[in-house]
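Starting from the given sequences, assemble the full structure and let the hints guide the process.
Per this note's numbering, the sequence shown runs over residues 317 to 814.
Please keep in mind that the hints were generated in silico from the structure rather than gathered at the bench.
Accuracy of the hints is not assured; some may be wrong.
As the list claims (entries may be wrong) - Each computed DSS-like pair below joins lysine-lysine, with the alpha-carbon atoms no more than 27 Å apart:
1) LYS579 / LYS622
2) LYS393 / LYS380
3) LYS738 / LYS326
4) LYS573 / LYS587
5) LYS622 / LYS598
6) LYS652 / LYS598
Owing to the predicted nature of the structure, the values given are computational and were not obtained by experimental measurement.
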Amino acid sequence: MITWCVQYRKTVVFITLGLLVISAFGMATQVQKQFFPSSDRPEVLISVFAPQGSAIATTDETVKRLEAILMDMPEVKSLSAYIGAGAPRFFVSANPEQPDPAFAKLIAIGQDVEGRDRIISALETRIAVGEFPEARVRVTRLLYGPPVAWPVSFRVLGPEPDQLREIAHQIRTLMTGHPNIVMPHLEWDERVPTLYLELDPENLGWIGLTPAEVARQLQFQLRGVAVTELRQGIRSVQLVARNARGEVMMPEDLEIKTRDGRKLSAQQLGKWQVRYEEPVIKRYNRDLFLAVQADVEGAQPPDVTKEIWSAMTGLREQLPEGYRIEIGGTVEQSAKANASIQTLQPVMLALMLIFIMLQMRSFIGTLTVLATAPLGLIGAVLALLLFNQPFGFTALLGLIGLGGILMRNTMILTQQVQDNFKAGMVAREAVVEAAVQRARPVVLTALAAVLAFVPLTFDLFWGPLAYVLIGGVAVGTLITLLFVPALYALWFRLQIED
317 MITWCVQYRK
327 TVVFITLGLL
337 VISAFGMATQ
347 VQKQFFPSSD
357 RPEVLISVFA
367 PQGSAIATTD
377 ETVKRLEAIL
387 MDMPEVKSLS
397 AYIGAGAPRF
407 FVSANPEQPD
417 PAFAKLIAIG
427 QDVEGRDRII
437 SALETRIAVG
447 EFPEARVRVT
457 RLLYGPPVAW
467 PVSFRVLGPE
477 PDQLREIAHQ
487 IRTLMTGHPN
497 IVMPHLEWDE
507 RVPTLYLELD
517 PENLGWIGLT
527 PAEVARQLQF
537 QLRGVAVTEL
547 RQGIRSVQLV
557 ARNARGEVMM
567 PEDLEIKTRD
577 GRKLSAQQLG
587 KWQVRYEEPV
597 IKRYNRDLFL
607 AVQADVEGAQ
617 PPDVTKEIWS
627 AMTGLREQLP
637 EGYRIEIGGT
647 VEQSAKANAS
657 IQTLQPVMLA
667 LMLIFIMLQM
677 RSFIGTLTVL
687 ATAPLGLIGA
697 VLALLLFNQP
707 FGFTALLGLI
717 GLGGILMRNT
727 MILTQQVQDN
737 FKAGMVAREA
747 VVEAAVQRAR
757 PVVLTALAAV
767 LAFVPLTFDL
777 FWGPLAYVLI
787 GGVAVGTLIT
797 LLFVPALYAL
807 WFRLQIED
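Quick look at the structure:
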């Protein structure tokens with residue numbers, strides 16, 4: 317077989333390159349993409365998003381209904397609820413949410429992983445039939461890796477909030493039509509009613525007050541003002557003074573004190589108006605932005621993001637001047653993680669090249685070693701497709717390490733060819749005998765590596781890495797034993813006799 321590969325070296329090289337191109341195409345189009353997988357911890361995270369502006373008592377009512385449902389499930393081992401804010405960070409990917417009266421987080425711990433999945437299935441069934449119409453209820457698992465609030469997310473950036481909403485609604489419409497998208501929504505959510513006091517300048521002039529003085533008095537009655545600070549060790553705590561009345565105050569209860577000590581109703585100073593305004597305004601790199609977010613079901617978030625991004629090509633081309641759309645979610649976090657690896661890659665490639673050249677002592681030999689580095693992609697793609705595994709961050713690490721394993725095998729093989737030449741062998745005998753002599757140790761070490769990675773295939777986190785290494789080492793080693801002799805003969809233009 318090796319003799320045939322050396323004799324028909326051009327055919328072998330072209331077939332190998334063809335397999336490499338097909339594998340690269342398969343990696344780009346057929347293999348599922350993933351950032352980090354879900355964890356196998358028993359926690360179930362339930363997030364409750366009431367309409368913006370809802371009182372904390374309204375959010376509490378929804379939480380109590382969820383608690384009653386969860387406590388009746390035998391799979392639930394323990395339950396905790398956090399109303400008005402997110403839960404403390406107890407896991408690396410559990411990012412605490414900002415305080416918000418319209419938000420609540422419940423954490424239900426299942427008896428085991430199977431119990432956790434049954435809890436999620438039961439809750440999703442109740443949510444799907446509309447049992448919680450007053451809020452958006454989201455049920456998720458814990459994820460490995462850095463925190464990602466929503467797996468699919470697009471940021472709309474621009475100067476005007478109204479225009480941002482219009483563009484964001486178009487994106488949400490596109491996302492709603494995708495079969496794998498669940499719960500698409502705008503991050504700012506709906507506008508909230510806000511009560512404004514439109515002051516009458518003439519009335520203010522009669523009583524001798526300024527708008528700033530009226531604002532301070534209203535602030536004191538509604539929320540309180542900081543009057544001093546107390547020291548607690550090395551920390552300073554503000555002391556806030558406010559009106560002694562109850563928590564709820566009606567507009568007619570608000571009073572303004574004039575400079576001569578008289579009390580006037582706030583209604584005498586102007587007119588109360590109800591306006592609808594944005595509940596939250598966020599900025600990204602100093603630009604206003606509105607995110608359109610969603611969950612994914614039945615597919616990998618990077619694949620769904622890519623499909624939606626392609627579907628909004630026409631929308632992106634028609635954006636007004638000063639507006640743009642950016643990708644967020646898992647795709648953005650994955651790009652940041654990959655960029656952290658790529659930062660040191662030039663240095664590592666340079667060091668690797670130096671060490672290979674010191675060993676091979678020839679440019680042709682060095683290029684032969686480097687040419688086999690990507691061959692592991694053939695087996696890696698084959699293994700991922702056969703076992704339906706996604707390509708994520710851990711699989712990327714495995715693919716990088718796979719190149720080093722195959723280059724090591726090539727260095728052993730080419731070094732043996734050079735030793736055979738020094739021993740006086742003719743070209744055909746030197747190349748063929750080198751492959752035969754080194755085939756057994758190379759195959760045995762590859763087999764040992766493959767068997768060593770088999771236990772990792774059962775692990776949720778390291779499984780994709782194990783499949784990449786198993787497929788890449790097994791197939792890459794076999795291809796290397798056939799490809800290197802053919803490439804060596806082709807580059808050195810050896811005259812191989814029949």
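Looking at the structure, which of the earlier hints fail to hold? Violated hint (a single one): 1; every other hint is consistent with the structure.
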